[in-house]
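Asks: As given, the protein sequences belong to chains A and B, one line each in that order.
Each residue of the first sequence is one higher than the one before, starting from 26 at the first, in my numbering.
Each residue of the second sequence is one higher than the one before, starting from 166 at the first, in my numbering.
What the hints contain is simulated information worked out from the structure, not anything from laboratory work.
Even for Gly, the Cβ is constructed at its ideal location relative to N, Cα and C.
Honestly, I wouldn't trust all of these hints.
In silico lysine-lysine, DSS-like type, Cα no more than 27 Å apart, as pairs [what the hints assert, rightly or not]: (1) K374(B) x K225(A); (2) K225(A) x K198(B); (3) K85(A) x K216(B); (4) K134(A) x K150(A).
If you want the footprint, here are the derived chain B segments under chain A, 3+ residues with CB under 8 Å [claimed, not checked]: (5) 200-210; (6) 363-371; (7) 388-401; (8) 435-445.
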Amino acid sequence: MSEVILKETLLQLVNAWIAGGKVVSGPAFVKEGVCLYTDLRNAEHLAMDGFIRPGDSIKKYFFPRHEKIYHYARTGQKLELTNAELTPQERIIVGARPCDAALLPVLDKVFNWDYVDDFYTLRRKATTIVTIACTQWDDQCFCTSVDLSPAAEKGSDVLLLPMENGYEVRCLTDQGRALFAGKTTVSENAALSPEGPERKFTEEEIAAFLREGYENPVWRDIALRCLGCCACAFTCPTCHCFDIVDEGNAQGGSRAKNWDCCQFNMFTMHASGHNPRANQAQRQRQRIQHKFRIYPEKFGETLCTGCGNCTRNCPVSLGVLNTLEAIRACGTTANTVENTGGLKE
Amino acid sequence: MAINEIQEQMRQACHRLLEEGKVNVIIGYGQNKPGTPAFPVFIRKPEDTEKLVWNDQCFSNLAAYLTRKDIKALGTAAIIVKGCDEKALVVLEQESQIGRNALYVIGIACEGVGNPSAAKCARCDVRMPRFADETIGQVPESTTPEGSDPELSAFLKKTLEERRDYWMQELNRCIKCYACREVCPLCYCNRCIVDKNRPTTIDTSSTLKGNFAWQTVRVFHLAGRCVGCDECTRACPAGINLRLLNLTLAEAARENFDGYRAGMNKEVVPLIGSYSQQDKETFIQ
Chain A
26 MSEVILKETL
36 LQLVNAWIAG
46 GKVVSGPAFV
56 KEGVCLYTDL
66 RNAEHLAMDG
76 FIRPGDSIKK
86 YFFPRHEKIY
96 HYARTGQKLE
106 LTNAELTPQE
116 RIIVGARPCD
126 AALLPVLDKV
136 FNWDYVDDFY
146 TLRRKATTIV
156 TIACTQWDDQ
166 CFCTSVDLSP
176 AAEKGSDVLL
186 LPMENGYEVR
196 CLTDQGRALF
206 AGKTTVSENA
216 ALSPEGPERK
226 FTEEEIAAFL
236 REGYENPVWR
246 DIALRCLGCC
256 ACAFTCPTCH
266 CFDIVDEGNA
276 QGGSRAKNWD
286 CCQFNMFTMH
296 ASGHNPRANQ
306 AQRQRQRIQH
316 KFRIYPEKFG
326 ETLCTGCGNC
336 TRNCPVSLGV
346 LNTLEAIRAC
356 GTTANTVENT
366 GGLKE
Chain B
166 MAINEIQEQM
176 RQACHRLLEE
186 GKVNVIIGYG
196 QNKPGTPAFP
206 VFIRKPEDTE
216 KLVWNDQCFS
226 NLAAYLTRKD
236 IKALGTAAII
246 VKGCDEKALV
256 VLEQESQIGR
266 NALYVIGIAC
276 EGVGNPSAAK
286 CARCDVRMPR
296 FADETIGQVP
306 ESTTPEGSDP
316 ELSAFLKKTL
326 EERRDYWMQE
336 LNRCIKCYAC
346 REVCPLCYCN
356 RCIVDKNRPT
366 TIDTSSTLKG
376 NFAWQTVRVF
386 HLAGRCVGCD
396 ECTRACPAGI
406 NLRLLNLTLA
416 EAARENFDGY
426 RAGMNKEVVP
436 LIGSYSQQDK
446 ETFIQ
């Protein structure tokens, strides 16, 4: 026995949410071949097929690429600071992928750790996630290698599992139940559980390499083709580094939080001109270390949902998956003698 | 010549170069599986030349690696180029960024990349590389296209407001990942102006204003230099039509400076590096 909804009814529901004044976001084609999470005009705007997953992630709805923290104004000797107003819009994300929804319990940890980030948490509270389980995956997908699956429930308020003519509806939170109350029917049938991509690695073997292979020369080979852009990190559900900048002039302006990324040379550049991560090998190592050792050790969560966006969006097809495959293929966890100088210049 | 014959000859040439010790590294293409995008590889042993591929998935303009410290450290290089990539070598040489004598260029006859073919391939007139040390394959050269690009001509017929609205929509999606900058063989500044923060000159924020500032600076800095390899457009995760922006400036160079096209002629003084009292200034208003 399961609760189900017809596709048609779901789309009517999306229109009703929009008509009711909610902001509804979901996958939409912004142009041919480019599917991104977008604020939907209506249910027809929602892309239901023709793509594996959107090229970006839902993290932008909680942690936008640019956010003003406070404003400053100076008159004579007087300096006035005002907090940026924060009244998050109520939002429903429909058609999120399980590898996107899963970012929320992961990022909750860091944004509520030694300091509660109101910007993130208030938006989080105002948002309901209606996830659609995947029935298709490509060579870049590896959710099953990081303990998730095409029908993972992690982070979702509602999980919809595709079946003939509609979806099996699994309401996972009160927020989710409120959205679908009275809209579903009971059925004898239930959706089949999709298998997902073949498991490519275990987190334990990667963590073991990362603990022992810090100076392994394989990082140099991996990083050679990396161009040092941040298409991977900015489209990654879980990458969450930011920079603080001041924009304005002596009279007034604001302090803002902008996405930043460990693959940029500037990320670790000191004011002295010294850069502790002076080459791309060190920067690539950092990204993987953060995802599969540092964050898990600190917060008990892997900083990767296996979505594959890094590889798909990389201009030279380098991503977490092929990096981890290169690590496994190099066959040794020990640092080699010829590399006693490590990855430093 | 069939594509697999070209690939075989290319591998043989690379094998020979490494074995003879003429070069230390081959900058070429590798691929995991047919039909998926090829990616740059750096081959240092003759036996590894088997990993090199040539097919219509070889999009990257490998010239972008020539000015990079980590790649220069590998020693003397041989590079695989298509005709369009080779234009970037011409500009890099004109701008004294590479020593052409210390570089071995393997040109590959190209019938277009992508399936269907990339937009740039429709008007390509450099299917045969022109300055390579060695060219592999033979394809009939197409004629130089007349007039400006049809997409650009159609766009320029729109009103100023329509064009502004279009760019607002496009650039609003920019997330400032700088993939466009990093794949560009001609964006080789040691420190890009957007990374200068003492003081900050260009808003680093990815707001509409900041995005306009960045893309305007980028395209102006490439005016008369961009060779139209369209790598920025391919790299953009937000699908921004950077190609159209680049074409606008390339067309301005062509129209105002006797049909100048970047990377076509090694002998001419580069547009940005020359000055004449007859230079028109009417377009700066």
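Asks: Hint by hint, which ones does this structure get wrong, listed from lowest number up?
Replies: Checked against the structure, the hints that fail are numbers 1, 3 and 8, while the rest are satisfied.
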